[in-house]
Amino acid sequence: MIRIDNSEQIEKLTGNLPDLMNALSTAATLAETVTGARTIVLHLCSGLLPDVEVTDCISGDPEDVAALRKMTNALTDRYEPLGRMARQDPDAQSYAVCQLGETQTRSGIGRALFLRTGECIGAVGIGLPENGSDAPPPALDQVAANFEFLLDGWWARFALEQDLSDSRKRALRLQRISETDPLTGLENTSTFEGKVRERLTDPDQPSAFILIDIDHFKMVNDLYGHQFGDTYLKTVSKAIYDSFQSGSVVGRLGGDEFGVLTDLPKLGDSYLRSLLSRCRNTILRATAYLNKPELGRVSIGAAHFPDHSTEYEHLYQKADLALYASKASGRGMATVYSEEVGNRFDQSELAKTFQTACRAGQVVPYFQPIIDLATGEARAFEVLCRWENPRHGVITAEMFSAIFEDHNLATLLTRHMIQSALKYFSEGQRSLKVPAKMSLNVTYFDLMDREFVFDFQAALSDFNVDWSSIIIEVQETVVMGEQNGQVFRSLEELRRRGAQIALDDFGTGYGALRHLKNWPVDIVKIDKSFVRDLCTDYRDRAIVSSIIRLAKELGFSVVAEGIETRDQSTHLVAMGCEFGQGFIYGRPQGTMGFATRLMRD
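Sequence positions in the sequence shown follow full-length UniProt numbering and run 1 to 601.
Hints listed in this document are in silico derivations from the structure and should not be mistaken for laboratory results. Worth double-checking, as some hints may not be accurate.
As the list claims (entries may be wrong) - Computed Cβ-Cβ distance ranges for the label pairs, DEER-style:
| # | residue 1 | residue 2 | range |
| --- | --- | --- | --- |
| 1 | 230 | 467 | 38 to 44 Å |
| 2 | 377 | 331 | 32 to 38 Å |
| 3 | 331 | 177 | 31 to 37 Å |
As the list claims (entries may be wrong) - 27 Å max Cα-Cα, derived DSSO-like pairs, lysine-lysine:
| # | residue 1 | residue 2 |
| --- | --- | --- |
| 4 | 528 | 517 |
| 5 | 517 | 552 |
| 6 | 437 | 517 |
| 7 | 70 | 234 |
| 8 | 437 | 423 |
| 9 | 292 | 528 |
| 10 | 195 | 234 |
| 11 | 292 | 234 |
| 12 | 292 | 517 |
| 13 | 234 | 218 |
| 14 | 528 | 437 |
| 15 | 218 | 292 |
| 16 | 218 | 517 |
| 17 | 437 | 552 |
| 18 | 528 | 552 |
Just so you know, even glycine gets a beta-carbon here, dropped at the ideal spot from N, CA and C.
Produce the complete structure using the sequences and hints provided.
Dropping the structure here:
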C-alpha cells in the first residue's frame with residue numbers, strides 16, 4: 001500500500017504527482033525485497049515543497065507506522081539544518097556522505113536521506129522483519145540509496161519544469177549565504193540579531209536569551225588542528241540546535257560562541273535552569289563519538305525577557321555577564337543573570353582596566369602556605385593572584401579568570417606575577433629555618449610560548465633564586481594534548497632545569513591516570529572537593545586514600561587542598577598524605593602577612 005498525504009498540493013504545485021508515486025512505489029518495493037520488513041515509512045522534509053507540511057509514503061502493516069513515523073520525524077528534524085550549508089553550494093556532491101545519520105530502536109532502524117546537493121530531504125524507517133532479526137546496516141544503506149536516487153531524479157525534473165533561471169538560483173544562493181554561517185548552517189550574527197529584535201516586540205511572550213561558549217576551544221584547535229576544530233564546532237552547533245524547541249532562533253555569533261532565543265512557557269529560573277542543563281547534556285552526548293572525553297564542555301549564560309530587559313543590547317549584556325560568571329565558577333556551568341551577578345562581573349570594565357592595574361601595582365601576589373602535615377612547618381607557598389581594586393576591593397583570580405582566554409592578557413599576568421612574587425620570595429626565603437619553595441600557576445598560553453622558560457630563567461637570575469625552589473602548577477586541562485607538543489616540551493625543560501611539576505585539582509579533569517603515567521609530574525594536588533566531606537562520606541575517603549596510595553607507588557608527593565578542620569588533617573595523616581594546604585593553616589596573605597608568617601616560622 002502506498003499513500004501520499006497532501007497529494008492535492010503536490011499535484012497543484014508540480015503537476016507530476018504520478019512520477020512521484022511511481023518513484024516511491026519502486027523504492028518501497030525494493031525496500032521490502034531487500035529487508036523483508038513489513039513496514040516502510042518515508043518522511044519528507046517540510047521544506048521540500050512550498051505549502052506542503054508533511055508527506056508520508058507507507059508500505060506494509062499500518063500497525064507499526066506510529067513508531068517508525070516518530071523515528072523518521074526525529075531524523076528529519078535533526079538533519080535538515082545540516083543541509084543548509086550544502087544548499088548554499090549546489091556543487092557540494094559529497095556533502096551528504098559526511099552527514100549520514102542513522103538511528104535504531106526496538107521498532108526498527110532509520111536513516112536520513114539527502115539529495116546530491118547535500119540537502120536533507122527526509123528520512124526512511126524500516127520496521128523489523130517478521131522473523132524478528134535486525135535489518136543489517138548494508139540493507140538500510142541500499143534502501144536509502146534507492147530512495148535518494150529516485151527522489152533526486154524526480155526533484156531534478158520538478159526543478160526543470162519550474163524553469164528556475166540561473167539568475168534566480170544565484171539570488172537564492174546569495175540570500176542563503178548572507179543569512180547563515182557557512183560552517184554550521186546556523187543563523188549568522190546579523191540574521192540572528194534581526195530575528196531576535198523582531199521577537200522582542202512581543203512582551204507578552206516570555207523568552208530566554210542564551211549565550212553558549214565552548215570551553216577551551218582555542219586549545220582544542222591548537223592541539224588537534226583546525227580541521228578537527230571545524231568538525232567539533234559543527235557537532236556542537238547541531239547539538240545546540242537540537243536542544244531547543246522548534247521556532248527558537250539559533251545563531252553562531254563568533255568563533256566559539258552561540259546565541260539562542262527560545263520561548264518559555266512561564267517565567268522563573270527553575271524551568272530555565274533545567275533547559276540549560278538539558279542543553280549541556282545534549283552537547284556532551286553528541287561529542288562522545290569524537291573519543292576525546294575532555295571535549296563537550298560549554299559555559300552558558302542566560303537572561304530573561306522581559307524581566308531582565310526588553311532591549312536586545314541589554315539582554316545580550318546581561319546574558320554575557322552570566323556567561324562570564326559561569327566561566328569564573330570553573331567553566332562547564334550554566335548561570336542565569338541576577339542583580340548579584342551584575343554587580344560582581346562587569347567584564348568590560350575589568351578587561352579595560354586590568355593592564356592599567358598591573359602597571360599601577362594593584363595586581364599583587366598573595367601567598368598561602370603548604371604545610372608538612374607531620375611537623376607543621378611551611379614547606380612551600382603557593383602564589384595566588386589578587387587584584388586590589390580601589391572600587392571593588394580585593395578581587396580573587398576566579399572572578400576575572402575568563403579574561404585570560406586572551407593570549408596577551410594571560411602571558412602578561414603570568415610574567416607580572418613571576419616578577420612580583422620572586423621579589424618578595426627572595427627577600428623572605430633567607431629567614432626560613434627550613435628552605436621553602438614557591439609554587440606558581442602557569443597557563444596553557446605560557447607553556448605554548450617557546451620563550452617562556454628562558455624568560456623565567458632570566459627572572460630567577462635577577463632575584464638570585466634557584467630552579468630547585470620553584471614548583472610549577474598546571475591544571476589537568478593544560479596537559480590534555482599529545483605528548484610531543486609544545487606544552488609537553490616546556491614542562492620537560494622546566495623539570496630538567498630543576499623545577500618540580502604539580503598537577504593541580506587532581507581528579508576533577510579527564511584522563512587523570514593517563515596524565516600521571518605519561519606526563520612529567522612530581523606532585524599530585526588532591527582537589528578540595530574530595531577533602532571537604534572526607535570525615536563524613538566514605539566515598540570521598542576511598543577516593544582520597546586511593547589517590548594517595550597510587551601517587552606514592554608512582555613516586556609522587558601528595559598535597560591535599562582545602563583542609564579546614566583538624567579532623568580532616570588527622571584523617572589525611574593516617575592515610576599517608578605528606579602535605580596540606582587550607583584555611584586551617586593559613587589563608588592567602590599579601591606581602592605583609594607573608595613576611596609575618598616567615599618571621600613566625
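Indices of hints not satisfied (ascending): No numbers; nothing is violated.
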